[in-house]
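Listed below are the residues making up each chain.
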Amino acid sequence: MSSRPRVLVVDDEPDYLRIAARIAAGAGCSVATAATALEGLAMAEKTPPALILLDVGLPDLSGFEAARRLRRVPSLARVPIIFFTVRSELDMVSEGLRLGAAGYVLKPFDPDELLRRIKAAVLPS
Amino acid sequence: MRPSAVCLTRDPAMRAFFKSSLRGFSLRFCPSAAVFLRSRPSGKLILIDSSLPDMSGEDLAAVLRGDARTAGLLLVVAGPGNYSPAAAARLLDSGADEYFRFPPDPAVFRARLLNLLSRGAGRAAAPGQPAELAFGPLRVSPEARTVTVAGRRAALTALEFDLLLYFLSNGGRVVSRSVLLERVWKQGLDSGPRSVDKRIEALRRKLGAFGARIRTVFGLGYILKM
Chain A
-14 MSSRPRVLVV DDEPDYLRIA ARIAAGAGCS VATAATALEG LAMAEKTPPA LILLDVGLPD
46 LSGFEAARRL RRVPSLARVP IIFFTVRSEL DMVSEGLRLG AAGYVLKPFD PDELLRRIKA
106 AVLPS
Chain B
8 MRPSAVCLTR DPAMRAFFKS SLRGFSLRFC PSAAVFLRSR PSGKLILIDS SLPDMSGEDL
68 AAVLRGDART AGLLLVVAGP GNYSPAAAAR LLDSGADEYF RFPPDPAVFR ARLLNLLSRG
128 AGRAAAPGQP AELAFGPLRV SPEARTVTVA GRRAALTALE FDLLLYFLSN GGRVVSRSVL
188 LERVWKQGLD SGPRSVDKRI EALRRKLGAF GARIRTVFGL GYILKM
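Going line by line, the protein sequences match chains A and B. Under the numbering used here, residue 110 is the last one in the first sequence; the count climbs by one each step, no gaps. Under the numbering used here, residue 233 is the last one in the second sequence; the count climbs by one each step, no gaps.
It is worth saying that the hints were derived from the structure and are not from the lab. Nothing here was measured: the structure is a model prediction, and the numbers come from that model. Be careful, since some hints might not be right.
With a cut-off of at most 25 Å between alpha-carbon atoms, the simulated SDA-like pairs for lysine to any residue come out as follows [what the hints assert, rightly or not]: (1) K51/B to R83/A; (2) K104/A to V224/B; (3) K104/A to G179/B; (4) K213/B to R159/B.
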């Protein structure tokens, strides 16, 4: 069994899904991907990840609603979530952080910045 | 009245520096962007650690600058000692009023903040667009929509000009073809991943030496190396 921390990336935009997955792999993580919130929720429940990178504008549920549902599952309540999104409105950012997100990263993003945040979230400090 | 500042940092060294260099200021400390935003952004002067636990200083500056309720705040960002000039330029471009490498000279730091506070009293809600943007040999005038490279005029189409501006405001970040199509291309224009590639090729050619800075990130999109 792999001892690498598992990162779940949920984004409906294939380009960003690939970029984020590649960066997470570069941080030494194993990566699972989902293109919808419901698919992501099901995958997370089956195998709780060490970190979830969550887009906000998903086609089925908003990333915020997905985060609320994740928090209600006992095994997932403490899994760090980093929102990564084009939504830069102050109220959206405030809401995302109020949900207890470990991070809020605006797209397009600096690959080094995302790498640092993934490492900080999954590696013991 | 005593000058005041909100200090966003979790770093003990930075906290101590603000306390000692800003004696006489009324200071409030927030360890994260989340705590700051929850407490309703207030005060005039906001000092931001570029690497907060939950957001980058660059993203937070852009968010605060983009909202009418917080656009008038004075934003000063503290970067690490190895912060590159390109990163600093990007930070200022994202809306920060001032940037410094940590730790700066305490007396200069204090004087700069007091200057900023006195000048900032009449600050407009949103900063105007600069007359000319400069990046190495490149000069861009957003108003006149002209571009020169090492003094020579580059004849860009309207779309190529918009594409260049988008790259400049997102320097150092990977931008995918689909994001370029969404943000830069207008409805009805010939649009598809191939047309993005073709336009970028033309833009690179027209920008001469600067064009090589627009790199292809295989399978993902493009990045402008600053």
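Outcome of the hint check:
1. K51/B to R83/A: holds (23 Å)
2. K104/A to V224/B: Holds: K104/A and V224/B sit about 22 Å apart, inside 25 Å.
3. K104/A to G179/B: It holds: about 20 Å lies between the C-alpha atoms, which stays within 25 Å.
4. K213/B to R159/B: holds (10 Å)
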